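Chemist: Spelled out, the chains give:
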Amino acid sequence: MRRISKYCFSLLLCFLSVVPTYSQEEQDIEKPRVRGLRFGVDLSRFTLYYFEPERTAYEFSVDFETVRNLYPVVEFGLQDIQMEKPIYTYQSEGYYFRFGIDYNFQKKQSIDQYEMVFAGFRYSFSKLSHSADNILIIDDYWGDYYAPAVPENTSYAHWFEITSGIRAELFRNFFIGWSFRVRILLAQTKDHVMEPYYIPGFGRGNKRAGIGFNYSIYYRIPLIKTIPKVRQEN
Amino acid sequence: MSHNHLFIFLTAFIFHLLSCSQEEICQDPERSLVNLGFYKYEDGIVSDTTLEAIAIKGIGDPDTLANDTASKIKSIQIPLPHGIDSCSFVFSFAIVDTNYIYDTVPIVIVIFDHTPDTLIVTYPVPDTILHIDPIPEILYFYDPVPVATPFISHYIDDTVNFTFSRVQYMVSAECGFSHLYQLLNVSHTHNVIHSMEIINPEINPFNEENIKILF
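Protein sequence lines, in the order shown, are assigned to chains A and B.
For the first sequence, this note's numbering assigns the number 1 to the initial residue and increments by one for each residue that follows.
For the second sequence, this note's numbering assigns the number 1 to the initial residue and increments by one for each residue that follows.
There could be a bad hint or two in this list.
What the hints assert, rightly or not - Not close to chain B: a few residues of chain A, all C-beta gaps over 10 Å, as computed:
id, residue
1, VAL73
2, PHE121
3, ALA132
4, LYS190
5, GLU195
6, ASN206
7, ALA209
Claimed, not checked - So the derived list for chain A, only partly shown, Cβ under 7 Å to chain B, looks like this:
id, residue
8, PRO72
9, VAL74
10, LEU78
11, ASP139
12, TRP142
13, TYR145
14, MET194
15, TYR197
These are computed hints drawn from the structure, not numbers from a lab.
Note that the structure is a prediction, hence the values are computed from the model and not measured.
Glycine is no exception: its CB is placed at the ideal position from the N, C-alpha and C atoms.
Produce the complete structure using the sequences and hints provided.
Modeler: Listed below in structure tokens is the structure:
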């Protein structure tokens with residue numbers, strides 16, 4: 001609950017800060033609108049080394065503005081876990097994909113501005129293989145027992161995400177932003193022996209829902225320059 | 001990028017980092033226990049019963065599970081081992097002497113502030129010095145009355161053997177691994193136990209009754 005309240009507070013701060021930007025007037029209609037593949041890297045994954053040293057993860061994204069303010073998105077991530085505990089050792093590696101669309105609500109800005117206050121959705125799936133060994137079952141009555149290793153097993157998960165966040169252009173074609181996510185697990189491989197400790201891209205394997213944050217930097221390759229229709233008619 | 005955006009970005013980032021630094025610990029180390037219920041069997045009729053005292057000890061190295069504390073015991077839980085597929089326990093049943101011992105004890109009734117909350121205190125030793133704090137408004141002393149105490153004369157043992165299958169599983173990332181069991185067979189001696197009936201062979205952490213022990 002404490003964690004959720006922190007997230008909500010951060011989200012509230014975000015929206016309070018961006019509301020005034022709606023008042024910007026559309027201007028300079030003569031400029032072209034640049035479109036292109038925008039590649040992102042999630043920076044928050046790099047902090048795992050300090051806070052969850054057993055988990056290594058990377059996440060990348062690609063989006064493209066197909067029509068004004070509509071951005072189909074593909075996200076891809078990798079995860080590796082090497083967890084050593086006194087009572088077992090756990091290994092896991094996997095990947096995930098997310099597909100979806102972001103819609104930018106910040107419409108009242110000039111044609112060459114690309115700041116986003118967006119909401120969107122994702123369909124996501126992941127695959128992981130995991131195993132455990134050095135298993136010690138503590139038994140105060142009959143005595144401790146060293147159990148056999150759990151062999152490598154493959155597990156799949158599908159989930160749906162609703163996301164919202166901001167994206168701002170730091171320099172020309174360079175963006176920075178974050179997004180808040182609510183995830184609902186749709187299906188997961190049933191494994192009665194061992195559930196995944198952490199589903200790549202989703203969260204803890206024993207949860208049916210979760211929340212998450214991404215803090216990303218982006219670079220857009222300026223591929224297409226679109227001339228506004230108003231100018232063409234003139 | 002506006003200063004507002006930069007500020008919010010950094011603020012949210014710091015909150016996110018703070019929220020990551022939590023270490024989860026095993027709150028409830030889950031264990032599957034065999035739940036045994038005690039029943040009286042008489043003329044083909046099964047009815048609830050309680051035991052005055054029972055001591056149970058696994059055959060091997062383990063400690064005694066339940067000690068001979070005189071109390072009404074209706075059911076008991078016993079753990080199965082993790083490394084083998086069968087085990088035996090010695091059940092020591094307390095045999096209660098039908099000739100009860102009658103002690104006489106004084107009864108003291110203490111009333112504070114004339115409220116309905118009357119505190120009744122019994123003292124088994126007649127010349128116990130009373131320490132009552134705060135000082136009550138009224139203190140009644142009644143004549144000693146006889147109190148029946150059950151007398152355990154001796155114990156009679158029965159040996160119970162459990163045969164089962166095991167499935168290893170991860171309880172949680174914090175608590176590690178344990179076993180679920182399925183009871184295959186139960187056999188026993190007949191010194192006190194009349195019969196044992198497996199009513200639910202699945203031994204799991206959900207505390208459902210697994211075996212009826214009939215006396």
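Chemist: Give a verdict on every hint.
Modeler: These are the hints, each one checked on the structure:
no.	hint	result
1	VAL73	holds (19 Å)
2	PHE121	holds (21 Å)
3	ALA132	violated (7 Å)
4	LYS190	holds (12 Å)
5	GLU195	violated (7 Å)
6	ASN206	violated (7 Å)
7	ALA209	holds (17 Å)
8	PRO72	violated (24 Å)
9	VAL74	violated (23 Å)
10	LEU78	violated (19 Å)
11	ASP139	holds (6 Å)
12	TRP142	holds (4 Å)
13	TYR145	holds (4 Å)
14	MET194	holds (4 Å)
15	TYR197	holds (5 Å)
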